[in-house]
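Given next are the chains, with one letter for each unit.
Number of protein chains: 2
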Amino acid sequence: MSKPETSLMDRLTALCKRRGFIFQASEIYGGLNGFWDFGPLGVQLKNNLRDAWWHDMVDCPPLGPDGKPLSIVGIDTSIIQHPKTWIASGHVAGFADLMVDCRESKKRYRADHIKVYTVGYSTPKGVGAWSLGVLEGDDAELQVLKRAKKLVQKQGGGDVRIDSSKPDTLTDIWERHEDIYGPDAENPGTLTEPRAFNLMFHSYSGVFQNEDSKVYLRPETAQGIFLQYKNVLDSTRVKPPFGIAQVGKSFRNEVTPRNFIFRSREFEQMEMEFFCAPEDGMMWYEFWVGERLRWWEAQGVSKDNLFRHVIADADLSHYSKGTSDIEYRYPFTAPGFGELEGVAYRTDYDLKQHQEHSKTNLEYIDQENNRRYVPHVVEPASGLTRGVLVLLCEAYQYDESRASPEWLKLKPSLAPIKVGIFPLMNKDGMPEVAEKLYMDLRRTYTCQYDAKQSIGKRYARMDEAGTPFCITIDGDTLTNQTVTIRNRDTAQQEKVALDKVRAYLAERLSA
Amino acid sequence: MSKPETSLMDRLTALCKRRGFIFQASEIYGGLNGFWDFGPLGVQLKNNLRDAWWHDMVDCPPLGPDGKPLSIVGIDTSIIQHPKTWIASGHVAGFADLMVDCRESKKRYRADHIKVYTVGYSTPKGVGAWSLGVLEGDDAELQVLKRAKKLVQKQGGGDVRIDSSKPDTLTDIWERHEDIYGPDAENPGTLTEPRAFNLMFHSYSGVFQNEDSKVYLRPETAQGIFLQYKNVLDSTRVKPPFGIAQVGKSFRNEVTPRNFIFRSREFEQMEMEFFCAPEDGMMWYEFWVGERLRWWEAQGVSKDNLFRHVIADADLSHYSKGTSDIEYRYPFTAPGFGELEGVAYRTDYDLKQHQEHSKTNLEYIDQENNRRYVPHVVEPASGLTRGVLVLLCEAYQYDESRASPEWLKLKPSLAPIKVGIFPLMNKDGMPEVAEKLYMDLRRTYTCQYDAKQSIGKRYARMDEAGTPFCITIDGDTLTNQTVTIRNRDTAQQEKVALDKVRAYLAERLSA
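Chains as they are written, first to last, in my numbering: chain P, 439 to 949; chain A, 439 to 949.
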């Protein structure tokens, strides 16, 4: 294939639909841009990733530098919070993309997506240059040349050439906007001044619809944690350093949702806010970057495809003293990387903002050391939806020599189905034994019983689903109480005594 | 106490806040009416209930009438779907409460909440009757008499009496509205005509804000299942009868959120749509009513507090051939009951509506029997948020003789914390053994390590959290390798060998 990365995403998306991992939301109504649904296999995979995070974060948190387990509790806050939350957090004022409208084409664009090329022309009537805006992308230069040729034809023909291969960003050269052509315009100067478009979805709560009843769908789960930080302190025995962890939906009215479930308008996050003494912030920031990188590797993501992107000081949010993105080499970013998780040292910014706006004292009183302070916060904030995409990209295998060329090499404990159980033939007492085994194993593992088609086709179906083990009840089972267990990764089969199956699986399916 | 039911809710709400089960959302900003957050203990309880439902519905579904396990798969669809979804489902046109405004008091009321009493008066100036509207409630008659006496005083004094103890409903006697006093009005005829107020939250998706971009937050998870029913059929091996199950958030802009988390504006549901051949609908409806009642009992809800409320034919939705509510005796409904789950036989209404509006064929092709049909659907739809409230109400115990008079008798497998682990004293090697045990057990169970305060206070704290077992490492542990395990329900203690602790817990903590 000439463009393997692009087509890998196409193939993965097709597999996801065909096998019930991910469907377009509202597909029968033509879909809804930026929204996706998880099918039977997808929801199990997503739940498994969610549960692994929760287990390793809340039920069984990592050991701290002193070798003792950290103190982290869970929480689940509302998607809709008091609107002042988002004023305090800065989202009402600042969580926006710059947009421009085109008076000619009536289209709307994200300002940072428009690149402006300077194209020189030479025609019988004279020479000069146009400033042509196009949407960024692989074929931007091609588009520019096409349009320039059209313009030159209108003038009776001539030559064009792009003056510089590095285009300008619209906002940087806005003072020249009278001369700039919009991406779909035939005349210059039709773009309106860039203005902020807030990415928060809004609604109204209560029977009146006005500015007082306006509410927002949270664009991140984190703020709900900050709002309840004091209630958690008062109702549990935690004290800094400690964490509050949350998994839940967030919403962002992205202007250009894209790349499958990578950037969608409704998505799930796994966020943890770690509260500590001010002087320990940098230490915990480094701790959590290392810990989270290690965690993703433990979910089966290869080290080579993970990258710590340290955000340069100049690019940090004004309140952050350090931020690292944990990036993954997605098929659509390769050989580059794209965000999977952000670990940010947010200082005491959020708590102080809420303290000020709510007039509630959010200091921690450290009785042992006889001092009080607003804790500093380190936040490992990960996408659950994006995490599922990473697991799928990482697991996707293509091997023409197998019955199912496409198969998913998922970490066994994360696989949607753990065990396939097949009677080799639907007779001779095999189904009875298989059903009995299924009834026993399903209490512990997500199993699938399948008696249809050839055994090869059944293996192939399970390979596509990423099922690590398939157990076949065959003639030998009836005569000497053994079953055949087939390993997804090696495609090798081995005989195991029926009464040893549970131990066999337990050993191989623990996280 | 004179009103034990009311105060039980007050005490439960206070316990929930004090121990971190449930907090008011955005409390530091004064709260937001109808929104609640789950704290560290609450989220664990809610997750445990969610996981129990998912396990018993999806991973290990019940056995059908033929003794074989049913076929049910999971799904997770978006909160925001294509707006046509809600036109087809009937929610845009019909999911509304009737509201009236009062021109005098400027207040807004749900029309069905206003009860109109006829109050006869006799004053020196003559006799007559007023139609006085009040908000329904325990003290409605008292309110009516109070207002009547005020009115009579204005006329120079006299007698009043309520003509009939059964008040009228505003909408039934709307033709007399010129004579009716609003609940907070001093003059008659100030109420506006009742008009529909839709309970769906709306927002806008995309950069334009207009009727074309208007979207809704789902008021139920069910419709997402109907939209993907065909994709599930095509991507799995299920065929009728089979179910699709989903857990997720829904939103209803309730006019009067009330009774703690019983009626909130943001809540979670556990819904399953069971698709079957048309002729089997009534059979599956009865099956699922029985199954769901049994399931709630298995979660520790006493049979006496559960009630099957068969909706009378006259009150059924036009498309339903049978609906039963599974009701619970909440403290605020006792001795009556309130809804916990609805089991509805919805026929083929939803699928046919979506078939018509989407122009997509949603028939199932039954090749074995050479026929095609739109499946009928039986829906057990339960509140997860409401389920947590039921568990808390049911578990709440008050016993003055205990160290903590308030304690929660939760089913052990649902308890937020399964095991408390305490060194009797913070010395003599006890913490080391306790920590080692904690590090081992936390891999499997949600444990809490606690070394503070007296052992009695530590037990009391765990009783309030509903923790079924507390393990104390004491002098005996160091000398003869036994620990003391204390049972929450009996408050009895027993000695167990350290190496038998895992077996002891495994036996008692399985669902």
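These aren't lab readings, by the way, just hints derived from the structure by calculation. Among the hints, a few may not be true.
One copy or two, either will do: identical chains are not told apart, so a pair holds if it fits within one copy or between any two.
[As the list claims (entries may be wrong)] Dumping the calculated BS3-like pairs for lysine-lysine here, alpha-carbon to alpha-carbon at most 25 Å:
1) Lys-687 / Lys-592
2) Lys-506 / Lys-933
3) Lys-544 / Lys-652
4) Lys-455 / Lys-687
5) Lys-687 / Lys-522
6) Lys-588 / Lys-677
7) Lys-933 / Lys-890
8) Lys-588 / Lys-544
9) Lys-938 / Lys-584
10) Lys-759 / Lys-545
11) Lys-933 / Lys-865
12) Lys-874 / Lys-506
13) Lys-506 / Lys-455
14) Lys-847 / Lys-741
15) Lys-588 / Lys-759
16) Lys-506 / Lys-890
17) Lys-545 / Lys-584
18) Lys-849 / Lys-455
19) Lys-588 / Lys-895
20) Lys-587 / Lys-849
21) Lys-652 / Lys-687
22) Lys-592 / Lys-545
23) Lys-455 / Lys-797
24) Lys-741 / Lys-677
25) Lys-865 / Lys-506
26) Lys-563 / Lys-790
27) Lys-455 / Lys-522
query: Quick one: Lys-847 to Lys-741, C-alpha cut-off 25 Å, is that within a copy, between copies, both, or neither?
result: within (16 Å within a copy, 47 Å between copies)
- prompt: Between Lys-506 and Lys-455, at a C-alpha cutoff of 25 Å, which is it: within one copy, between copies, both, or neither?
  reply: neither (44 Å within a copy, 29 Å between copies)
- request: Could you place Lys-865 and Lys-506 in one of the four classes (within, between, both, neither) given a Cα distance threshold of 25 Å?
  value: Between copies only: 17 Å across, 56 Å inside.
- prompt: Using 25 Å as the alpha-carbon threshold, which applies to Lys-455 and Lys-687: within, between, both, or neither?
  reply: both (22 Å within a copy, 24 Å between copies)
- prompt: Between Lys-687 and Lys-522, at a C-alpha cutoff of 25 Å, which is it: within one copy, between copies, both, or neither?
  reply: Both: 20 Å inside a copy, 23 Å across copies.
query: Within a copy, between copies, both or neither: where do Lys-545 and Lys-584 come within 25 Å Cα-Cα?
result: within (20 Å within a copy, 63 Å between copies)
field: Alpha-carbon proximity context of Lys-455 and Lys-797, limit 25 Å
entry: between (50 Å within a copy, 21 Å between copies)
field: Copy assignment of Lys-587 with Lys-849, given that the CA separation must stay at most 25 Å
entry: Classified as neither; 53 Å inside a copy, 76 Å across copies.
message: Regarding Lys-563 and Lys-790, is the shortest C-alpha distance of 25 Å or less found within a copy, between copies, in both, or in neither?
response: neither (64 Å within a copy, 66 Å between copies)
task: Up to 25 Å between alpha-carbons, please classify Lys-933 paired with Lys-890: within, between, both or neither.
output: within (22 Å within a copy, 53 Å between copies)
- prompt: Quick one: Lys-506 to Lys-890, C-alpha cut-off 25 Å, is that within a copy, between copies, both, or neither?
  reply: between (51 Å within a copy, 17 Å between copies)
- request: State whether the alpha carbon distance between Lys-592 and Lys-545 is at most 25 Å within one copy, between copies, both, or neither.
  value: within (24 Å within a copy, 66 Å between copies)
Checked against the numbered hints above, the structure breaks hints 1, 2, 6, 9, 10, 13, 15, 19, 20, 24 and 26 and satisfies the rest.
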